[in-house]
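Two chains, two separate frames, one set of hints: put the complex together.
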Amino acid sequence: MDEEKEVQSTSEIQESDGEEKSPDILELLYGIMAKPAATMERLANRPPVGAALVVFTVSTIISTLVVARDVPFYGHGIPNLGALAGLATAAGLIFAYGGWFIGTAVIHLWAELLGGRGRALALFSAAGMLSFIQLFNVPAAVIAKAVGDWFSNMVSLAVFGWLVVLYVISVKTIYRISVGRAIAALLLPVIVTFAVIVALVAITVAAITNALPFLQQQFPFFP
Amino acid sequence: MKKRWVPVAVLLVAVISVLIALAMPAGDGGRRFYGSTRNIVGVIYIEGTITSGQSVPGLFASAVGSDQIIEFLRDAAGDPEVKALVLRINSPGGSAASAQEIAREIAKTREAGVLIVTSMADVAASGGYWIASATDYIMANPGTITGSIGVVMELLNMSELYDKLGLEPEVIKSVDKKDIGSSTRALTPEERRILQGMVDDIHRQFVAAVSEGRGIPIQRMQEIADGRVLTGTQALDLGLVDGLGNFNDAIEQAARLAQIEDDFEVYFYGQSAPFERILRWFGASIQGYGLSGRLLDTQLYRRLVRMPGF
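For the record, the sequence lines run as chains A and B.
Sequential numbering of the first sequence, starting at 1, is according to the working numbering.
Sequential numbering of the second sequence, starting at 1001, is according to the working numbering.
The following block holds chain B by itself, in its conformation from the complex (with noise of 0.2 angstroms):
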């Protein structure tokens, strides 16, 4: 059979070909090839509630975790080829803790060299703003909701549900305030107070944190600071944004802002796993913590693929 030299042929033209496909650059015609640049431009998103802990990824809902937030921010200051990053916020807020937490790491990772952008997207208040206020510039979209400055806590007196339902619920406790805010009773006024000031005491330290951040004098914040939403225009009337554009316009702002703009590559930090995608199929909004996640958005796995020959 003389006709052998056939599938020969084409399996050696198919294995070079593999050999020069490895050999070439990565990526999709070197826009995203890492090992070409030194300058980055890193994004992070910060999706759904923003609580402190680990990220809780839902069908329906989801809470974003400072810890992982965190863990990009200190990845990103420790990294000499990141000038800028991005933070796309699309957050209603979440707990002050976890605001603070990261508005903490940001002020560090900006001591570290890296200049911050924020990217608002839909809406980006109440704690979305506080750790947006943190960053060096601010840009949101005209019809993007943020503001609600201010804090609320809301509690639920059930007692006369269970009344209907002939519940009697039974409380043990050492301390006389140990079950405060329970949904077994009304508050008593001593409670209430106590309550309020911890709710007025947050309050000044976001309003505090506001005014650090954006400059504005702590009177002037405390009028604006009354929980009012706001759109992102009347938000740059206030001086509460500093602009307004897309996102990709605040990638282009971070680089201009740190002198980078000629030459620079977007690095995204935490993929979703395909997993997560279903479920954003499905309407939830998640930020991707999966395994590929883990695997893809540490330090190790990008001084990897800047490697050369990767």
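Next comes chain A alone, as it looks inside the complex (with noise of 0.2 angstroms):
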């Protein structure tokens, strides 16, 4: 019963003079994993910038590190970048921020193309604050080296699962729109920039092999 009161607490702190209270890092982590829906909700109306920041920040570094020590090399794939796990996790945290901000920046477009209203710097945050769900990831990464890769492939899989569901509730509650259109949301940028990278290569690749023929007759060097 009173885990129950503790839960619905997430989104009913209340001051005592009726102002509402906001929750710390750790109550709205808490709130993130057990009551998505109203946590996002509190997100939507008070978004915690600098709580999503350290939260992403520390994330990715802990996500980042345990998988930098195994990056195998590029090329033949023989030994490892660990003397470079510092560099691969400072270079993972860059790409991170990048791929945070632009991601929140599509999803706000498509969210809005589908008709919701709602604030870029809720789904920032939301975003950033879901960051901390991939830290499931990490003692499971851990645990497959000693009981094989399928471990880990099956964690990550209901974490990815998780997270998506996650980012629906997050999209239908900032923008106010349903369920549909809040994975819509989500899966028409993944969809549009897929169909747009194929049909790049697709013309690159015709325009190189109607080339093929004339560069072969003026350069008799060429493949």
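Some hints could be false.
A few chain A residues facing chain B, derived, Cβ under 8 angstroms [to be verified]:
1) Tyr30
2) Ile62
3) Val142
Because the hints were derived from the structure by calculation, they are not lab data.
Note that the Cβ used here is the ideal one computed from N, Cα and C, for glycine as well.
Below is the structure:
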């Protein structure tokens, strides 16, 4: 009974004078895991950008460190980048920040195109807080060294599914749209990007194929 | 909020996991962990046209520079853990000078006690074979194209084309033969004799190198060295290769000849940078030598990855 009350309190913390009290990082993180809809509602109203930045940075560093250790060499794939784990982590962090910013912008655009109205800052904060969920992959990656890759693959799949559900709830709550439109806002950017890449590759290959006879004629050394 | 311990616990478990991961041996299951062995078979790729100097990666064609291969060989020669090397050759040849530079370094590396086996891929002809002949053992695929022991110099006389285009090249030279081989005119008989002499001299060097490397009498080599290309099987019959097999067979043979077959690890010199992998995807065959290659193929780096804790 007490636990239920505590869960509910995530969205119902009130000061004695009636003014809503800002939950701290730990409360928000627990709320995202236990009561995501209510927590996202709170995030939509008061985006915790600072907290999201801290959570995203810490989560990304930890997640990257554990994989950077075993990143195989490019090319022939023999030694690992153990000695360069720090460098790989720094690079991973920079890319992660970029991905976080751009990903938020893209989803925000699609959510608005689909009729939603919400603050990009709220989605940005939500995405940052949701990065905490990827920490569940970290112990799985270590355990997998003993039991096999299947374990981390299974956990990664479960975490991915959980994240998708949480993202759908975030977009639905922040932009006040239906579940279907929230799913569309998340899926369409991926589908469109993939389609554009396929089209560009097809055009490039066609152009090179068409130009080959001419190039071979002009330059005998051309393969 | 009493459930605040939940995210704290998740974070704690993740941090402990990272610490455990960093304390564990790196690599996938220890198969490629270099701290666990003192016997290494190194692999050096020689792919593309061989030239002197630096490698030249490209989108549709590439050149492997002798400097890069020599650097790898010197690294191996100075590394007591490297007991054997496999040269993975996939090259139609290149300049004689670059082949000589690499062959010379191979000899030094062998003198340093490193056994060297050649693994021929699709093609290991001409300069590619020159290099291979300097190694201890040559393994080819039955369908490998090899041989082509000979020297060719191709010049293009474009004077008639210039006439048709209405172009009249002007050549100003201090001495008579400075523009020998120029595309603006035909060769004179004397110039032809000079260039033929050059080609013959390089051919003699080529034949002598192969004769010495393979232990084939020079008279016999002169019969074989008529420029013909051979399959791996034909080359085996002529004594130009020692065995037939694939890349893994060559690695095992190298370990066997170095008497480390019971305990050895494989180390690949010169890894491809991501951008070079993209070029490969577009059809280029290049030897990795980007920033990551420079960072990772140095002996210092190899020392680092073998240090305890890395």
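Hints versus structure:
Because the beta carbon of A:Tyr30 sits about 5 angstroms from the nearest beta carbon in chain B, less than 8 angstroms, this interface hint is met. For A:Ile62, the interface hint holds, since its Cβ comes within 8 angstroms of a Cβ in chain B; the closest pair sits about 5 angstroms apart. A distance limit of 8 angstroms between C-beta atoms decides the matter here; for A:Val142 the minimum to chain B is near 4 angstroms, and the interface restraint holds.
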